[in-house]
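Hey, can you work out the whole structure from these sequences and the hints?
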Amino acid sequence: MELGLDVRKVDSYSVVDVKGEIDVYTAPKLREKLIELVSEGSHDVVVNLEGVDFLDSTGLGVLVGALKRVKAHDGSLSLVCTQDKILKIFKITGLTKVFPIHDSVDEATGNDR
Amino acid sequence: MIELEIPPRTAYVGVVRLALASLGRGLDLDDEAVDDLKIAVSEACTNAVLSNEEAGGDHPVSIKWTQEAERIVVEVADRGTIYDRRGDDDSLSSGGISARVTMSVAMLSSLVDDFEISPRHGGGSSARLVFPLS
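Protein chains in written order, with numbering that gives the first Met the number 0: chain L, 0 to 112; chain H, 0 to 133.
Just so you know, the hints here were simulated from the structure itself, not pulled from any lab data.
All values derive from a computational prediction rather than experimental measurement.
Among these hints, one or two may not hold up.
[As the list claims (entries may be wrong)] Below, a list of computed lysine to aspartate or glutamate pairs in the DMTMM-like style, where the Cα atoms sit at most 20 Å apart:
no. : chain 1 : residue 1 : chain 2 : residue 2
1   : L       : Lys90     : H       : Asp27
2   : L       : Lys87     : H       : Asp35
3   : L       : Lys32     : L       : Asp5
4   : L       : Lys84     : H       : Asp35
5   : L       : Lys84     : H       : Asp27
6   : L       : Lys87     : H       : Glu31
The structure is reproduced here in structure tokens:
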């Protein structure tokens, strides 16, 4: 099982396009990538979950951990997600109140205006 | 009844997810029901694998699938202690293992008809997940 992670710059944001399944086996790879980005000075991060088929509590834990890290640098972490099955996980766990969740990368980076 | 046994390694959780989703599709469950089944069983298996890991054991995790008239019952059994730590620290900001288990239990409770954790004779826990068939 592979997790695809592509990072690109959009203005001052680092956008991570995630593809595949985020579970207990693959989540450490996402955690490492997010830690690397923050330690390299990317404090405004957008995680694009549109290519994600599956997300579990381990993945949620990684996102919460990354949010803590960017906040420590006065940064931001927002998500892009329109898939009902993934949004459902954020709703059940109450994390829709914790993360800004956008419909597109353009919206998350303020380029939709 | 169908029984699977996996080594307590994170790589095998995806295998169980695939197998049970395939069983669910074979019963003509709709996509949403299959997704719920996948998420819930995956959470229970993740907890079981991490529970064994935390306890330092190498006991396999067993998954039992029983189909009844109007429901499916899935039981996931481990030899660890992870559920005992639920609620030790509910703070999401802590990002700790118990915060993850709390989220996991919230997901399980919400996605299945009935969810129960019982201690096992000889140590460990058994998580029982009930899904409606209709």
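Hint-by-hint comparison with the structure:
1. L/Lys90 to H/Asp27: violated, 26 Å
2. L/Lys87 to H/Asp35: Measuring from Cα to Cα gives roughly 10 Å; hence the hint holds.
3. L/Lys32 to L/Asp5: Holds. L/Lys32 to L/Asp5 sits at ~10 Å (cutoff 20 Å).
4. L/Lys84 to H/Asp35: holds, 9 Å
5. L/Lys84 to H/Asp27: Given pair L/Lys84, H/Asp27 holds - Cα atoms ~19 Å apart, limit 20 Å.
6. L/Lys87 to H/Glu31: holds, 11 Å
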